[in-house]
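A.B. asks: Could you slot chain Z onto chain B? The hints should help.
Number of protein chains: 2
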Amino acid sequence: MKLFSESKTIGFKDFVCEGGGYLRKVDIAYETYGTLNENRSNAILVCHALSGSAHAAGKLKDGTVGWFSPLIGPGKALDTNRYFVICSNVLGSCFGTTGPSSIDEHGNYYAMNFPVITVTDMVNLEKRLIDELGIKKLVTVIGGSMGGMQALKWAVAYPDNCKSAIPMACPAYSSPKSIAFNKIGRDIIMNDPKWANGDYYGTEGPVEGLALARMVGHITYLSFEAMNKKFGRTVRRGSDIFDLIEGKFEVERYLFHNGFKFTRNFDPNSYLYITRALDLYDIRRNCSSLEDALGRITAKTLLVSFTTDELYLPEETGLIYKTMKELDKDVRYFNIEAESGHDSFLIEYDRFQGLIKGFLENL
Amino acid sequence: MKLFSESKTIGFKDFVCEGGGYLRKVDIAYETYGTLNENRSNAILVCHALSGSAHAAGKLKDGTVGWFSPLIGPGKALDTNRYFVICSNVLGSCFGTTGPSSIDEHGNYYAMNFPVITVTDMVNLEKRLIDELGIKKLVTVIGGSMGGMQALKWAVAYPDNCKSAIPMACPAYSSPKSIAFNKIGRDIIMNDPKWANGDYYGTEGPVEGLALARMVGHITYLSFEAMNKKFGRTVRRGSDIFDLIEGKFEVERYLFHNGFKFTRNFDPNSYLYITRALDLYDIRRNCSSLEDALGRITAKTLLVSFTTDELYLPEETGLIYKTMKELDKDVRYFNIEAESGHDSFLIEYDRFQGLIKGFLENL
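Protein chains in written order, with the numbering used here: chain B, 1 to 363; chain Z, 364 to 726.
Looking at chain B on its own, in the form it has when it is part of the complex:
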């Protein structure tokens, strides 16, 4: 059956960023699925990852399927017969919410004049949206990767406003290894002459740079074993591996294809700002310790990691669990056997949808 999906944008005034930046006006694009009940007590917030959008479920006119579709719909884990599911595009992105490719109050592209943003800023903007919709308390906030960071931050920053939280495939703070990958991605973009210090709007822009940055990211999303299974040392049919320096291993073709595909609709400057937000993510910020930060949580928490995640290791999610458990919080943790590495939360739905459904039904 066709899922009802409503796409809207709301504008807010005077947004102050954690890093001190100020935005006179911020738009936030969001979609909703299902119906908000009279008490406004059945809302779930879904948070997306680095490259995502508000389009979490249903089909767009161009056929694009929502990025969390298998989980959202009638009878599904996020059951639209019961819940009103909201997904908004994060601050700094390029799918309807204000970001570096938006026009500022002087009629210019923000470009590199956009303020540095953080996951906290994304969450604060989502909070404004939830307030605007008249929702006092969310049933849950759920997301994977950067979406998981937002879910955890919601639980820490707004304990009164979320009954539960489901952070998946995310750490309590970004590791230096993840920062290193992001740094290289940014440097590749900024080293592309077509980046032009960020003022490339109206021109081709740093397409190669963004594609390469995305390729770096892709490596971190797949596990060693997943790559062995998916590609092995397969050489593309008809290629001579000795023929050219460019070579023709299947894994190279895949990276190339996906890297450039990404450039069709993602803004390079958004990539710079959002990866920096990932680097800056540290749930301990403005708290005296990890215990202090997680001690603020009152939401019933379901933590999920994936055994083959090589970007945000299970041990990192495990640390959140261990700390919350010691603080006697209502928390459970599942390190799920999965093959697809970090991307498991976007691929191996079968392995965790029952878990989420059960968790929500027993809130």
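Read the hints as simulated data drawn from the structure, not as lab findings. Nothing here was measured: the structure is a model prediction, and the numbers come from that model. Each residue gets a CB set at the ideal place from its N, CA and C atoms; glycine is no exception. Relax, there's no trap hidden among the hints.
Restraint ranges, calculated between C-beta atoms of paired labels, are given here: (1) B:K325 with Z:N649: 51 to 57 Å; (2) B:L363 with Z:D713: 50 to 56 Å; (3) B:G20 with Z:Q716: 50 to 56 Å; (4) B:Y201 with Z:N649: 52 to 58 Å; (5) B:R128 with Z:P433: 56 to 62 Å; (6) B:D292 with Z:S370: 58 to 64 Å; (7) B:R284 with Z:A559: 43 to 49 Å; (8) B:N37 with Z:V598: 44 to 50 Å; (9) Z:N649 with B:P193: 39 to 45 Å; (10) B:L327 with Z:D693: 54 to 60 Å; (11) Z:L690 with B:D350: 37 to 43 Å; (12) Z:P556 with B:Y201: 17 to 23 Å.
Residues from chain Z shown here face chain B by an in silico Cβ test under 8 Å; the list is partial: (13) P539; (14) K540; (15) A543; (16) D550; (17) F594; (18) F612.
C.D. replies: Okay, now just chain Z, sitting in the frame of chain B:
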């Protein structure tokens, strides 16, 4: 005490590469330490990794210490009182051996006209050097990473010419994940406009591209935990993390510093050719199976891997061991507890020098 080091170059004619390429003349640069005995039966060949040179031990005039110094010298694991230690620069490199930055017979830089090369080609050139020195049988061939691949290939290709082999931190064939990292490094270089299709000699060249490619490599050399310990989330003194998109995490400074340091003396085209040789490395090539390939080995073999190696996993070295063991070969394997990731073979000498010394004394 000062180690005697002799630096020489020998030229050979008519070198045919595995991929079909032909070089009319090839120079090979090498250093030796210790004295070749009358029977020429005390020689050890040390093979270097991607960025190495023939300068394995002793000090150059500019103060550069050999990359394997702690292991080579009087009384050390590779005891120059007993052994005649040889290290040569690999084919395709830029430290004296013929590579893309060399001049061809027409007086032009090879640049991208250099033929595609493989680890087998490197080994075949080393074999010519060993023949030229009148050495019939090496005591051992030792190396880590690409050096380990060469050591294993020596044992497979020239069983009559090496009594033993010590491949460290290397697989039987390159994984798609390692190929992916190399591919991105190459693409970054080739996307730098100053690469100019490889014809950048006499100009600045793709300095930024090479630095970025090296940074990608660096991430794979360090382990997740090593990066946590070394950098954590430390921010450089005096920086405001919210200040600039470029940010100032210590790990970023480290990558930047090491990336650019590398460009001072490494040739970008050599980086393209040698990483491609790594991708093409497959000990099974021209053999019917891994068993067939490793079945050709007669050398007593010592395999070493490092627990935290995230580039060439211990399981990969373990597969060589398992296969050789099943073939009833004289092989032993140590997966050494180390913290420094792939680079452990260049850092944590204390953890394996005794092992190597003992292995050689009991040949």
